[in-house]
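Q: As a plain string of letters, each chain reads:
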Amino acid sequence: MLEQLVNRRYWWFRLSFLLIVPGLYFLLLHPLITTGRFELGLRASIDFSGGALWEVRFADKAPDEVTSAEVFQAFSSAGFENPIVQMSQIEVDGMLQADALVRTRALLPDALLQERQAVEAAVNEQIGPHTIERLESVGPTVSRESTINAFIAVIGALLAILLYLWWAFREAPHPFRYGMCAVISIVHDVLIVIGFAAIFSALNPRFEVDALFLTALLTTLSFSVHDTIVVFDRVRENLLDQQPGESFGDIVNHSLVQTLPRSINTQFTTLFTLTALILFGGETLRNFVIVLLIGLISGTYSSIFNAAQLLVVWEYREWRTWFGRGRGESGETPAPTAG
Amino acid sequence: MRSRELTSLVLIILVTGLAIWINWSPNENFFGRDVRIRLGLDLQGGIQVLLRTAETDFSRDELETARGVIERRVNALGVGETVVQLAGGDRIIVELPGVDNPEQAVETLRGTGRLEFIDSQGQYLPTGMLVRTSSSPNPLLTELEPVERVEELGPVFQSITDGADLDTGAVQPAFSQGAIGGSRPAVSFAFRGESARSLASFTARSVGQPMCIVLDNRIVSCPQINAALTDGSGIIEVNSEIDRDNILNQLKYGALPVPLVIETSRSVTATLGQESVATSVVAGIVGLTIVAIFMVIFYRLPGLLATVALLIYTLISFAIYRYIPITLTLPGIAGFILSIGLAVDANILIFSRLREEYRRGREIRNALERGFQESWSAIRDSSVSTLITCIVLFLFGTSFGVSIIQGFALTLGLGVIVSLFTAIVITRTFLRLMAPFFSEERSWIFGLERRPAPVAATASS
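For the record, the sequence lines run as chains A and B.
Counted from 1, the first sequence has number 189 at position 189 by our numbering; the numbering is strictly sequential.
Counted from 1, the second sequence has number 345 at position 6 by our numbering; the numbering is strictly sequential.
Fair warning: there could be bad hints in the mix.
[Said to hold, decoys possible] Covered stretches of chain A, going by a simulated chain B footprint (3 or more residues, C-beta under 8 Å): (1) 133-140; (2) 154-162; (3) 213-223; (4) 257-271.
[What the hints assert, rightly or not] Derived, one-sided and incomplete: chain B residues facing chain A with beta-carbon distance under 7 Å: (5) V607; (6) V630; (7) I676.
Because the hints were derived from the structure by calculation, they are not lab data.
In this text the structure is predicted, and so the values were computed from the model without any measurement.
Every residue, glycine too, gets a C-beta built ideally from N, C-alpha and C.
Could you put the whole structure together from the sequences, leaning on the hints where they help?
A: Pasting the structure below:
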């Protein structure tokens, strides 16, 4: 089985495809089909779309004593049209308390205090005593800029990694390939993570793409390249030590098998820490950690089953046969190996 | 060989000792440096606002002046650990931790150095008294006067002038000539527009009556009106030159050169913050413990040594957070917990390699050294690429507010650097020191096993 890692490369590519396609559907087509309008299937948080987020707690009310309709009414009467209200419960000292997350338009830049006071008065009058535990308001200028910066950050990081790997692998033949294959496998992870985010957005009304999501995405990116480098480093080492009769595919396969224990063990330890974060890290970080978990698993998968395999594809220039008569899945395809 | 290990060991003990010293220094004071752990607003409660200039026409100097003004005002609040800094080309970030009514604090900060004349209804109000005026009914309450409710401050007095109409160019030091007892220090002022007109008509109506001068809701003085101030200008008499300079500064430099609007604000109560701290601490401890158990089960003695190295890693990291200081935010803590994963990975890389080399039939010391040598390039390259991502995150993190994404990038980046030290220096020295106690029979302690029939080493360079 382990000897066949490289030979089965098109199987791995297909698996990646299978995982990416549903995400792409939810990202690009689902909103079009359900609403008739074209938009990205990601629910952007106030960080990227602007608006305000309120967290209101009712210390002396049980979760079923406050309805979202009441909260909706209170916010509407305070001048916030069409608030989006989500009720949940918080356990404080063994007591369950009602907790409302409300999303509204951004606060007026000149009347922060008045708007807060208006809401406090309305909620006090219509529902009862409460505390505003959190109030975040992001204006349109900053949210637009954040969106642009987010794109720049992801693309900038990709470019920087490509350049660094190109340079770091300068002693290996075709160093550019290492950088490029690493970047392709990162793009794979980014697609997986964004795809899952689109699926979550469709299924879970509380899921939002926020600044923390971007952080998780960039961490995925860096951990993925981390894994890829460990594999590539072994390929480079084994390549310099190439035995007669050993094909490039064999070398990549050996390298994968040799680095497998490390990949699995590292994956385990990060899984442990992340699971601890999910179980004990509280509500605020949960979405962040789940995204990170998906990203890390995808990152390890793509470094073993995509990045390294792509090196082989590139070495044998297999794309020449992709659209011809059938694929060269044997890996024994005779091809130039010279550097 | 022995002396090299000894030097490393001494270095490790010194660094660890230093870290312990910083972490547990008495009164959290390390040679005069405050080494408390700084918690971000999301963890201790407070507000962060992004103030943006309301006009596009302003100079960099004006923005810098505005920052200075806000900083002086923030300092007057006395809340401590505040941040006031420029961000991007047109905004100022203000962070106020531990303020109870954050939106109110910010509203007042944003106010100009507000000079007002109020109709005191014939009363002579005492200097320094906090009053409510019709144009500023909710004065900011400072730490010196923790007034719970603004209603207790008494009635709202009618403002005659609006602070925004003050002509700062006309604010000059002056001397009052006609007063009893010779000349007294004073500050000249002039109002423009509507304020000048209403000041003129009020003073014309109320000659012989008192009129109170209020600066940012505090009574400066309540002089008697001797004559109508027809052109909206006049002087404020004060008791000493020190008072005069204070008022002059507040009026002249206390006024914002550009109007600011609140672009973004994030406020969190202390309760919510404490819950987050508690949960992350639990998550961190549980995560570390599970990793430690896994490492010991899987790698035995080296795993135990790596766990010790990991503890030292945690000590060093927190000592650095305290010393620099780095403000810990929720994403920052997540960054730290993730960096534990990276620190462990370096060890796993080395141990896996060690196992491999040993299986190939190498002698333990040789296998150890090769384990380190051969894994170094992978550790180096992957660390550099993680650092690159951290730098990109740090550079583009500003628009999300100083402490949110940058905090994560900072702790993760720092973690990468510290973990290089722990993996390369600490784990390596520990393992070298243990190597003499190794024997074939006890190889299980090291988590090693030889293949029954050692194959001829394939790589022998």
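Q: Which earlier hints turn out false for this structure, listed by number in ascending order?
A: none
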